[in-house]
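Engineer: Residue numbers (UniProt numbering), protein chains in the order written: chain A, 1 to 827; chain B, 1 to 289.
Derived from the structure by calculation, the hints contain no laboratory data.
Hints may contain errors.
[What the hints assert, rightly or not] Covered stretches of chain B, as calculated for chain A (at least 3 residues, CB under 8 Å):
(1) 76 to 89
(2) 98 to 105
(3) 155 to 165
Yeah, the Cβ is synthetic: ideal placement off N, Cα and C, and Gly gets one too.
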Amino acid sequence: MILTWKVAVRAVLGPVAAVLLVLLVESGLLPGYQAYSVALAATYTILVLSVGLLAGWAGIWSVGHPALFAIGAYTVAYGSAHGWASEPTVLVAMLLAGGCGAFLGFAGARFSVLYIALLTLAFSLVALEVINRWVDVTGGDQGVPVTDLPSVTGAGSLGAGGSEAVVAAILTAGIVVGIAVLARSTSLRMRMVAAKSHPVVARSVGIAPEAQSALAFGVSGAATGLAGALLGLITGFVSPETFSLTLGINTVAAAVLGGVGAVGGGVFGGIFLAFAPSLAGLLGVDQLILQGALLILALLLLPAGVVPALGSVLRTLLRRVRRPGGPSVVEIPDEPAPAPAAERRTLEVADLGVAFGGLQALEGVSLSVPPGEVLAIIGPNGAGKTTLVNALCGLVSGGRTTGSATFGGVDLLRARATRRRRLGIGRTFQHAEVFTELTVSENLLCTTRWTTPTRRRAVDALLGRIGLAGQGDVYPDQLPFGPQKRLDLGRAVAEQPGLLIMDEPFGGLDAEERRLLAGQIQGLRAAGTSVVVIDHVLEDLFGVADRVVAFDFGRPIGSGAPDEILADDRVRSSYLGTTSARQARTSTRAEGPPAIALSGVTHRYGGVTALDGVELAVHPGVVLAVVGANGAGKSTLGQVLHGTLSPSAGTRTTDGAVRSSLVPEGRALFRTLSVRENLEVAGYAAGISGRDLRSRIDQAVEWLPERVRTRLSIPAAALSGGEQQLLAIARALIADPRLLVVDEPALGLAPALVDEVYGRITGLAEDGVTVVVLEQLLTRALAVAHEVVVLHEGVVRATGSPDDPGFATRAEQAYFGSPVGGGVRAG
Amino acid sequence: MSELFLVVVSGIASGAVYGLLGLGLVIIYRATDVVNFALASMATLAVYVALMVVQRGLGVGSAVIAAVLVAVVLGLVVRELVIRPLGTGRLFAALVMTMGVSLIAEAVISDVWGTEPHAFPPLVGGTVTLGSATLATQDLVVIGVSAVAMLAVGYLFTRTTLGSAMRAAAESATTAQIVGVPAQRVARIAWALGLGLAALAAVLYVPRVGLAPTVLAAPLFRAFAGIFLGGLTSMHGAVIGGVTIGVLENLAASYVSANFRDTFVFALTILILLLRPQGLFGTRSFERV
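Produce the entire structure from the sequences given, and follow the hints as far as they go.
Structural biologist: What follows is the structure, encoded as structure tokens:
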């Protein structure tokens, strides 16, 4: 925790306000009943804070806090009946409630938000029943009085609704609010938020979500137990109706209304909860209707809550007064300061295999990465690259691993995912999975348990190295994609890992950013870090790699220096395909106006450009193949052609109304539905029913292979890959489309099946359907299509007909983005 | 022996009500990702309207129809007004939203009709003697009507095109969207169906205990327990879970302790869930991915 002036001032606000209130009460200016209301508001503040911060920081929504509240109150009642002193009684109350909370948090950690909410609901119901029946302790529905509890110091006593209790409640609430403010700037809170917003990524930086959840709920429970104890003390009487489920809902409502995760929001919520009855009386409406209506309005209009909404309005106003003009331009150091030296260790992988059920995703992988080497892993989609990365990071859930993988002698296959951080293994993610609810510097701070001044200086230095100096207080989603990826990298290397695993680091970056990234990777190598990179952008990858290993079908097929690897025929053909036999294809090309034309189509996802200025005309009745490596923008282009995705810029014009269907990548069948039901759903979606639907289904069934035709009632999941692909196409045909877009039909299919699937697809074109196939393998596209479009990084690099003699060479060059044959180097 | 038989039959009758409510919850959750906490209070409000029909002397049959219609309309209004504007993917916000709706519905009932319990007539009165055991006819009617309703839902979901589409949307909303299944229509149908089943459960349950503003709170929680057992995404799981809870609860009340029946039922449920997080029949929907 770093005690800056700003935090310190905010932290004393709560206690100071409490002292002022106490002075007001003691001076007698407030009538007795009002003093009681203030004390009640103070206890409710602690309660609502416990619920709201638990939800906002740890992502656990509890409707069961009334039960913990009750534990506190009844403990005080029990203590007072047995002559206990006040301090130990309150401590016992906090321990009991905190223990229950920690158990709930631990038990619920592996479940979804909804389940924990329902679990706490059940807990609350059971607690209510126990309260009502355990008459010896709770007095049943009669309730039980709280008498005076002497202090261990011997100075006075608390309880029985006395004014000491009122003062104690107000002061305690002030202190709790102060502690909450301080807790905001600790790593503890950051780690909870990290575990909540991205459990998998949190594991990769060494945060275990289960521990965070139990800890958070435990602390929240203890605070609620304290609030319950105070409630018992200020009311002098405890009865079950206080702790009804309605209180649970109202507490959540108050937390949502005030602002979940904001300390001020908890205070607002607590005050609201205490004064809601008076407010309702004043307005002349039923209290529950008021609370319900405000809850609904808050969720719809102010989802962040009243206090954060006010805060952001205030900040906007202040900013307008203070600082006109936009945010400062990010300065990226061209020559980054050298990274601190890393520990030198070797990664050894021997005969590693991963199987999911019957599918062998990875087999016989042996690698050795010495310290300071950059190893690139390439291969087409489905080659097993991601499985390898996940196995190294401990994220293959449900898979069976064989062989061994060690880093510095430690067995990685048996170590938990969270341990890798301590072993010195960092990981970056394809989509820069930063913690969006933490600021940029908090994203880096959360990787260690304690925030010390040294640590904060180290983080500031790191921010400078990754070109984010001065951006520490910004939230990541306010940054473009490139800086987000640099933040992801910074988080991975924050503690000088011995091994860095990078998943598609170049994807989505512009040329300048890629150059910078290459420099950063080289800097890490110089510091002794081994780097394993997988990517599809070969030029950049080859620019930084010392060695390249190519994968296909889950096993390594070749390895060598970057400028030699593509000379290997097996490696080249894994990208381009080997099919040389030309499939029977009508050479007549349809003339006339195009069925669909794209003009100047550009599309961006967030800051990532997927398509850039695409011009394309699809003529009716042809098979058009769009070819490109993974990530070239094929699927995006397919969706634009289909009409489901409207591009960021550019136009799509059609020749009249064109019915189009899309067969998405990976088939996207409804796996639990039968073959026939899959077809029916498409009919329902197209608005076809009755006899019409039956005849369409009969037609589609005719088109399917024999083995499927006779098994219409088995679930789609039980079909083979090729059969599933054909069913997916048949389902798309139910709508009787004039344009059919098929995304990667050959993915994951055995070669014989690929030929069958393509045979049927080209057959459709002969029946007059315009077909667009999105394909990874160039030779296959050349074999089946009338027209081929080569896409590279969202740009159309070549268009032509396979019958054109020079086209194949041109297309191959366009596919890799530069001349091939030993000449692929970073420019 | 005959006592055990009675306890089990009456447990099945309670369980059938929990099963209907649970089925309603699951249908709505599968189609729209909303755990509808307001299901019970909206159904209760509908039964109060049905009570007015009864008081006009129109017969219990038309009262049942009125209850179902009112509940369906209420459900559609609530979905369009407060749930749909929330957008998708906000599971907990939607749950809290329905909690707010539930607060309001219960307050409206108390303000309009008061909190005193009202008598609500059973569909069929009297008792049936089977050997040495005497059963309330209403219990058998509850079991019969629930069974018919559940079978009808089963038929709709497994034998019709609409059912295929609803199951498809439940399996993968993304894929359903790609295929072009109208998501809003499916959501509306699910809400209507869920509320209709809940109203039916309410009119079957209320004659036994009397009509009060929070009369359905306990059955709703037991329906949740049934869903815990069966899995949040499994329709037959909700039914089997609900009936299991009903029988267990009756057995616990008769042979263990009438005072701690909820504690017993929920402790057992949570124990099962800790051992089998996905429920007995559900997919792994509860777990974090």
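Engineer: Against each hint, give a clear statement of whether it holds in the structure.
Structural biologist: Comparing the hints with the structure gives:
Counting residues of the region 76 to 89 of chain B whose beta carbon lies closer than 8 Å to any beta carbon of chain A gives 3, which reaches the threshold of three, so the coverage claim holds. Only residues whose C-beta sits within less than 8 Å of a C-beta in chain A count toward coverage, and the region 98 to 105 of chain B has 6 of them, enough to reach three; the restraint holds. Proximity of the region 155 to 165 of chain B to chain A, defined as three or more residues with a beta carbon under 8 Å from a beta carbon of that chain, is established by the 4 residues found.
The structure fails none of the hints (numbered hints given earlier).
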